[in-house]
Amino acid sequence: MLKRSFILFLFFCSSLDLYSQGVRDILPDSVSLVEELKNHAYIPNLSYRIQVLGEELPESQQVIDSTFLWTRNERGYLSPDFENGAQLESLVSEIPENSVELQFYVFGEKSSIDGVYRFLETLVDTGDFVYAQNQKSTDRDLVLIANRYHYQPIEAYKNLLLSDNQLFGVTLINVFFVLAAVSMIIFMLIFKKRRNQREEQIKDFENEIIGPLTSLLFEKSVDQINEMSKAEADAIFQDGIIQRKLFKIVLIDKIIGLNKKMKGDFKDKLKLLYQKFGLIEITRQNLEHRKWEKIARGLVQVNEMDLKMLLPLVKEHVNSSNFHVRSLAGATLLNIAEKVDLNFLRDQNYPLSDWQQMHYLRIIKYIAPSKSLQISKLFGSTNQSVREFGFKLVRMLGRVDLIQELHEINEKVSLEERVELIKTYDSLGAHMEVDFINSCMKSNHPELKKEAIKCAGNLGNEESEDIIILLITENPEFKIRKILLNSLLKLNPARFEQFVSDFPMEENLKIKAHLFDPVLSHV
Amino acid sequence: MYNFLFYFLIEVFGIFFMILSFSVIIVYLLIMILSALEMRDFLKKNKFADYQDIITSPIAPGVSILAPAFNEASNIVQNAKSLMSLHYGRFEVIIINDGSKDETLQKLIDAFELKKTDYAFEPEIETQAIRGIYKSPNKSYRRLIVVDKENGGKADALNAGINISQMELLACIDVDCILSSDSITRMVRPFMEETNKKVIAVGGAIGIANNCDVKDGTVTKYRAPESSLGRFQVVEYCRAFLMGRMAWSRINGLMLISGAFGFFKRDLVMAVGGYFPKTVGEDMELVVRMRRYMEEKKIPYKVSFIPDPLCWTEVPEDEDILSRQRNRWMRGTIETLQLHRKIGFNTRFGILGTISYPFWSIFEKFAPILELVGLLYTLVLVLIGDFSALYFMALLLMVFLLSMLVSSFSVLYEQIAFNNYKDKKDLKRLIWLILLEPFIIHPKVVLWGLRGHIDFIIGKGGWGKMIRTGFKTAEDRKNINSQSNTV
Numbered sequence: 001m002l003k004r005s006f007i008l009f010l011f012f013c014s015s016l017d018l019y020s021q022g023v024r025d026i027l028p029d030s031v032s033l034v035e036e037l038k039n040h041a042y043i044p045n046l047s048y049r050i051q052v053l054g055e056e057l058p059e060s061q062q063v064i065d066s067t068f069l070w071t072r073n074e075r076g077y078l079s080p081d082f083e084n085g086a087q088l089e090s091l092v093s094e095i096p097e098n099s100v101e102l103q104f105y106v107f108g109e110k111s112s113i114d115g116v117y118r119f120l121e122t123l124v125d126t127g128d129f130v131y132a133q134n135q136k137s138t139d140r141d142l143v144l145i146a147n148r149y150h151y152q153p154i155e156a157y158k159n160l161l162l163s164d165n166q167l168f169g170v171t172l173i174n175v176f177f178v179l180a181a182v183s184m185i186i187f188m189l190i191f192k193k194r195r196n197q198r199e200e201q202i203k204d205f206e207n208e209i210i211g212p213l214t215s216l217l218f219e220k221s222v223d224q225i226n227e228m229s230k231a232e233a234d235a236i237f238q239d240g241i242i243q244r245k246l247f248k249i250v251l252i253d254k255i256i257g258l259n260k261k262m263k264g265d266f267k268d269k270l271k272l273l274y275q276k277f278g279l280i281e282i283t284r285q286n287l288e289h290r291k292w293e294k295i296a297r298g299l300v301q302v303n304e305m306d307l308k309m310l311l312p313l314v315k316e317h318v319n320s321s322n323f324h325v326r327s328l329a330g331a332t333l334l335n336i337a338e339k340v341d342l343n344f345l346r347d348q349n350y351p352l353s354d355w356q357q358m359h360y361l362r363i364i365k366y367i368a369p370s371k372s373l374q375i376s377k378l379f380g381s382t383n384q385s386v387r388e389f390g391f392k393l394v395r396m397l398g399r400v401d402l403i404q405e406l407h408e409i410n411e412k413v414s415l416e417e418r419v420e421l422i423k424t425y426d427s428l429g430a431h432m433e434v435d436f437i438n439s440c441m442k443s444n445h446p447e448l449k450k451e452a453i454k455c456a457g458n459l460g461n462e463e464s465e466d467i468i469i470l471l472i473t474e475n476p477e478f479k480i481r482k483i484l485l486n487s488l489l490k491l492n493p494a495r496f497e498q499f500v501s502d503f504p505m506e507e508n509l510k511i512k513a514h515l516f517d518p519v520l521s522h523v
Numbered sequence: 001m002y003n004f005l006f007y008f009l010i011e012v013f014g015i016f017f018m019i020l021s022f023s024v025i026i027v028y029l030l031i032m033i034l035s036a037l038e039m040r041d042f043l044k045k046n047k048f049a050d051y052q053d054i055i056t057s058p059i060a061p062g063v064s065i066l067a068p069a070f071n072e073a074s075n076i077v078q079n080a081k082s083l084m085s086l087h088y089g090r091f092e093v094i095i096i097n098d099g100s101k102d103e104t105l106q107k108l109i110d111a112f113e114l115k116k117t118d119y120a121f122e123p124e125i126e127t128q129a130i131r132g133i134y135k136s137p138n139k140s141y142r143r144l145i146v147v148d149k150e151n152g153g154k155a156d157a158l159n160a161g162i163n164i165s166q167m168e169l170l171a172c173i174d175v176d177c178i179l180s181s182d183s184i185t186r187m188v189r190p191f192m193e194e195t196n197k198k199v200i201a202v203g204g205a206i207g208i209a210n211n212c213d214v215k216d217g218t219v220t221k222y223r224a225p226e227s228s229l230g231r232f233q234v235v236e237y238c239r240a241f242l243m244g245r246m247a248w249s250r251i252n253g254l255m256l257i258s259g260a261f262g263f264f265k266r267d268l269v270m271a272v273g274g275y276f277p278k279t280v281g282e283d284m285e286l287v288v289r290m291r292r293y294m295e296e297k298k299i300p301y302k303v304s305f306i307p308d309p310l311c312w313t314e315v316p317e318d319e320d321i322l323s324r325q326r327n328r329w330m331r332g333t334i335e336t337l338q339l340h341r342k343i344g345f346n347t348r349f350g351i352l353g354t355i356s357y358p359f360w361s362i363f364e365k366f367a368p369i370l371e372l373v374g375l376l377y378t379l380v381l382v383l384i385g386d387f388s389a390l391y392f393m394a395l396l397l398m399v400f401l402l403s404m405l406v407s408s409f410s411v412l413y414e415q416i417a418f419n420n421y422k423d424k425k426d427l428k429r430l431i432w433l434i435l436l437e438p439f440i441i442h443p444k445v446v447l448w449g450l451r452g453h454i455d456f457i458i459g460k461g462g463w464g465k466m467i468r469t470g471f472k473t474a475e476d477r478k479n480i481n482s483q484s485n486t487v
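Protein sequence lines correspond, in order, to chains A and B. Using the numbering used here, the first residue of the first sequence is number 1, and each one after it goes up by one. Using the numbering used here, the first residue of the second sequence is number 1, and each one after it goes up by one.
The hints are simulated quantities; they were obtained by calculation from the structure and are not laboratory data. Idealized CB from N, CA, C, for every residue including glycine. Please note that a few of the clues may not be correct.
As a list, the in silico BS3-like pairs of lysine-lysine whose alpha-carbon atoms are at most 30 Å apart [claimed, not checked]: (1) A/Lys245 / A/Lys308; (2) B/Lys302 / A/Lys450; (3) B/Lys44 / B/Lys221; (4) A/Lys365 / B/Lys116; (5) B/Lys44 / A/Lys308; (6) A/Lys490 / B/Lys139; (7) A/Lys192 / B/Lys47; (8) A/Lys294 / B/Lys302; (9) A/Lys479 / B/Lys472; (10) B/Lys221 / A/Lys510; (11) B/Lys198 / A/Lys377; (12) A/Lys510 / B/Lys101.
Covered stretches of chain B (chain A as the covering partner; in silico rule of three or more C-beta atoms under 8 Å from a C-beta of chain A) [said to hold, decoys possible]: (13) 56-68; (14) 128-140; (15) 190-200; (16) 387-401; (17) 444-451.
Just so you have them, the derived chain A footprint on chain B, three or more residues with Cβ under 8 Å [to be verified]: (18) 40-52; (19) 111-121.
Put together the whole structure using the sequences plus the hints.
And the structure:
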């Protein structure tokens with residue numbers, strides 16, 4: 001590594017040296033400079049003149065003069081301006097050295113030899129001057145070839161697209177867009193074609209399934225189906241078709257669909273057939289899948305087909321981080337487990353959403369008459385939303401027998417939970433809880449206060465009336481005043497009338513008018 | 001010196017427009033990806049959702065449907081009946097007659113045997129004067145409440161309805177919208193699924209009913225509208241609802257819920273002071289204010305979106321009406337962004353401040369201005385002879401292809417997710433429109449947007465000084481008397 005770095009460094013140094021050589025290093029004197037210039041037919045902005053000293057032009061030049069147009073001046077004869085260095089040789093060769101003077105013109109201005117050096121150095125730096133020696137050996141040196149052609153008008157020949165970065169970028173994007181659009185169209189066509197093919201195949205499979213399945217359902221009893229072997233069951237369909245995955249999926253959907261519509265024996269037959277066809281294996285695979293939608297599909301299948309043998313797998317998902325999976329797993333457990341002890345619900349780590357509560361409530365309502373539900377277990381959950389759900393269940397299932405258990409936790413639960421307790425007492429007509437209701441009316445929690453006042457209208461006593469009167473005199477906001485007066489009216493109409501006549505404020509009169517308006521009896 | 005400055009500016013503008021072009025491309029590609037992911041998840045989740053329980057469940061939230069009506073006499077009775085027949089257990093329909101000059105109120109009174117009541121309430125949100133509250137003694141119409149009030153605009157009418165409403169959720173709709181019978185059950189689902197984050201609002205996709213068959217309050221047969229303006233709006237609505245809002249929903253960055261069909265938590269709407277009636281973009285402004293409130297209180301929240309076709313409306317096919325609508329939308333956007341400029345580019349407001357607000361500012365509010373400046377820039381390049389026709393054509397092609405790609409993608413979405421436009425002829429017409437839109441309709445949309453800017457600057461609409469000052473906090477709205485005319 002070190003060795004390689006060193007070699008690279010040496011190479012770098014040598015290249016520095018090469019590029020740092022100036023014109024004076026290569027052409028150290030005026031003779032070598034002129035010799036070099038003679039090799040250049042054209043150097044931009046550099047021209048020459050020759051001054052011949054003396055009264056007469058040398059003979060050799062007199063012939064040339066007819067075409068070369070020497071002009072006479074004070075010092076002798078001055079040649080016209082010319083750019084071709086090769087002419088220097090022919091013009092000067094016949095003239096004695098001491099009677100000739102070479103003049104340099106840079107940008108049309110007369111320049112000294114130093115000026116020419118500086119000018120050439122600039123040209124070398126910009127790559128516009130290449131030493132004649134190098135030019136001769138450029139056939140195999142690409143860099144120098146490139147240098148030589150640098151001044152050519154290559155704009156006309158080079159690829160405009162590649163030379164302009166912006167244009168190149170835009171073109172790339174355009175190509176991308178075209179490719180994306182083409183891919184999208186291809187995708188759309190493939191997608192539509194596949195979807196159509198799949199739909200057609202599903203239709204074909206449905207037709208294949210419906211005939212044999214219906215005849216099996218109507219012709220065979222539950223016992224007969226139970227005695228069938230898998231091979232016998234498979235044999236009702238065309239050879240080998242049941243091995244196809246899509247066929248199995250369609251068969252599952254068909255059986256589940258029929259199970260939802262049919263009743264009695266047919267349900268049992270369908271559940272038996274589900275197992276006989278070996279579809280339970282697909283459900284098991286679904287439950288063990290990594291993708292949540294597959295698991296959810298498996299849970300729906302377990303739920304619909306009462307696949308109790310898969311309950312251990314279902315239990316694994318009741319605390320899944322995926323909302324849909326844990327909701328469906330919970331619903332499945334509630335629906336098909338022999339013993340519904342609600343332990344899984346009590347131990348839920350995640351908050352119970354209204355959506356889950358709604359589904360669980362429906363199932364619990366359905367199974368409540370046939371299964372023993374230990375709802376009180378939910379009161380001891382560490383999850384507040386589960387405890388609240390427990391209170392709602394007491395209310396919605398009309399479990400008056402659990403009021404005593406609720407009473408014991410009245411003071412232990414949070415204010416939000418007390419709102420549910422109050423609603424439950426109100427719904428169940430729990431007059432014995434009036435003290436708790438009265439205490440909640442004085443709460444600073446707006447929702448609890450509101451619910452307690454409402455509840456007091458149905459379950460309150462004289463103390464409740466006094467509290468209501470007290471609260472009204474504290475000048476509450478209009479919404480609360482309305483609830484207070486409504487509760488007072490329900491508890492003691494005479495006292496209500498007395499209060500409104502004692503305090504005939506506009507607000508009280510408006511509320512009274514509202515409460516006595518028959519059209520607004522439910523508002 | 002001036003020469004140098006001029007060419008320097010030309011160079012700066014060139015770089016600026018190049019960065020902008022690339023940003024547009026990246027942003028729209030991201031939107032396409034995000035919306036695809038969101039749509040995929042939504043369709044998966046929908047497979048396992050059972051909506052039957054919601055209708056009768058005591059746990060499902062109550063919904064107050066608020067429908068402001070102004071001079072709607074011709075259809076109001078049919079619309080009210082349609083709303084009352086929605087499949088849901090606990091809901092009320094509140095129609096707010098916003099000072100109609102026609103027979104809107106009388107038709108309602110006659111059709112539903114309404115009686116003026118002594119309904120006692122104290123408006124928590126200030127509105128124009130309430131003339132009367134009507135209910136019917138006929139139990140068949142027990143869900144209906146009609147509020148008659150002085151004219152004050154849509155936002156004011158909605159505020160009056162909010163004051164009267166009794167339920168946990170508010171469904172703010174346009175009275176002439178066609179709602180699918182299961183629209184409420186679908187829209188309340190996100191509210192019911194909430195666990196860790198409070199769902200504060202849910203937006204719904206709006207379908208275009210022009211030229212479609214409608215039966216029993218539902219669009220039964222989709223057809224593309226006859227006019228190109230109508231078809232343009234079909235494509236635009238696909239872009240906005242199926243792509244844009246799905247993508248924003250994915251990153252919880254939704255800033256706009258259509259005023260024609262949106263559901264909100266009532267307690268939160270009350271907490272922020274209801275709609276702000278002095279802006280023409282009241283729907284967007286409310287969502288931004290609610291979000292801002294949640295950010296300020298540091299309460300985790302979510303704004304959801306349901307792409308199912310549940311609500312349809314007739315869109316304007318007349319250029320004049322459409323131009324006024326777009327002008328109003330632009331002013332609404334500018335006003336909302338001005339009112340809440342404190343949240344812009346502010347990390348304290350999370351995605352709202354760092355992504356949604358900048359996006360709306362650059363790609364919605366300033367879009368027409370930037371397009372105009374781009375055009376002027378090209379003109380200057382032509383005049384100074386620094387114009388490359390090849391480069392210009394390549395850029396033009398790029399913009400055209402981007403527009404085509406985005407529009408095609410949104411129509412493809414519609415086809416994959418819902419497949420409503422089944423007729424191949426309709427699809428061809430939509431694709432043809434996609435090809436022509438950048439040339440025949442987009443320039444007009446830019447022009448209407450520019451007019452919106454001009455109208456905002458000259459003070460047409462809006463609440464002058466207030467909008468210039470902006471809200472210091474989300475709750476500021478409650479301290480402002482909505483009926484005063486601060487200039």
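A quick look at each hint next to the structure:
As the CA atoms of A/Lys245 and A/Lys308 are separated by approximately 24 Å, the hinted pair is consistent with the 30 Å bound. With a C-alpha separation of about 28 Å, the suggested pair B/Lys302 and A/Lys450 falls inside the 30 Å cut-off, and the hint holds. Simply put, B/Lys44 and B/Lys221 have alpha-carbon atoms about 25 Å apart, close enough for the 30 Å limit, and the pair holds. Among the hinted pairs, A/Lys365 with B/Lys116 is inconsistent with the structure: their alpha-carbon atoms are about 41 Å apart, more than 30 Å.
Between the alpha carbons of B/Lys44 and A/Lys308 the distance comes to roughly 26 Å, so the proposed pair stays at or under 30 Å and holds. Between A/Lys490 and B/Lys139 the alpha-carbon distance is near 23 Å, which keeps this suggested pair within the 30 Å criterion. Taking the CA atoms of A/Lys192 and B/Lys47, the gap is about 20 Å. The hint holds against a cut of 30 Å. Between the alpha carbons of A/Lys294 and B/Lys302 the distance comes to roughly 27 Å, so the proposed pair stays at or under 30 Å and holds.
Simply put, A/Lys479 and B/Lys472 have alpha-carbon atoms about 29 Å apart, close enough for the 30 Å limit, and the pair holds. Between B/Lys221 and A/Lys510, the direct Cα distance comes to roughly 50 Å. Violation of the 30 Å bound is thereby established for this hinted pair. With a CA separation close to 28 Å, the supplied pair B/Lys198 and A/Lys377 stays within the 30 Å bound. With a CA separation close to 29 Å, the supplied pair A/Lys510 and B/Lys101 stays within the 30 Å bound.
Coverage of the segment 56-68 of chain B by chain A holds. Counting CB-CB distances below 8 Å, 5 residues qualify, and the rule asks for three or more. Figure legend: the segment 128-140 of chain B, annotated as covered by chain A; annotation consistent (3 residues with Cβ-Cβ distances under 8 Å, at least 3 required). With a threshold of 8 Å between beta carbons, the proposed coverage of the segment 190-200 of chain B by chain A holds, since 6 of its residues qualify and at least three are required. Check result for the segment 387-401 of chain B against chain A: holds, 8 residues qualifying (beta carbon to beta carbon below 8 Å, three or more required).
For a cut-off of 8 Å, the count of residues in the segment 444-451 of chain B with a CB near a CB of chain A stands at 0, and the three-residue condition is violated. Residues of the segment 40-52 of chain B lying with their CB closer than 8 Å to a CB of chain A number 5, which satisfies the three-residue condition for coverage. For the segment 111-121 of chain B, the proposed coverage by chain A is satisfied: 6 residues have a C-beta within less than 8 Å of a C-beta in that chain, meeting the threshold of three.
Consistency note: the structure conflicts with the earlier hints numbered 4, 10 and 17.
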